[in-house]
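A.B. asks: Per the working numbering, the sequence shown starts with residue 1, numbered consecutively.
For the record, the hints were derived by calculation from the structure and aren't laboratory data. Take these hints with a grain of salt, some might be off.
Stated by the list, open to error - Derived SDA-like pairs: lysine to any residue, alpha-carbon spacing no greater than 25 Å straight-line:
id, residue 1, residue 2
1, Lys27, Ser37
2, Lys33, Glu22
3, Lys33, Gln14
Said to hold, decoys possible - Label-pair ranges, simulated between beta-carbon atoms:
id, residue 1, residue 2, range
4, Leu35, Gly2, 32 to 38 Å
5, Ser37, Asn7, 42 to 48 Å
6, Ser37, Thr3, 46 to 52 Å
The beta carbon of each residue, even a glycine, is placed where N, CA and C say it ideally should be.
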Amino acid sequence: MGTCLVNKTIDVYQSFYFRMFETLECKLSSMGKRLTSP
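Please put together the full structure from these sequences, using the hints given.
C.D. replies: Written out as structure tokens, the structure is:
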């Protein structure tokens with residue numbers, strides 16, 4: 001029971017961080033496009 005709860009928490013955190021990094025990457029790439037475009 002304990003390990004199952006821990007695994008569930010890790011999954012939640014992983015998906016949360018993955019989404020956060022994904023949006024961060026999107027913002028960075030859009031910013032880079034704006035900088036490189038004349």
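A.B. asks: Tell me the numbers of any earlier hints that the structure contravenes, in ascending order.
C.D. replies: Structure breaks hints 3 and 4.
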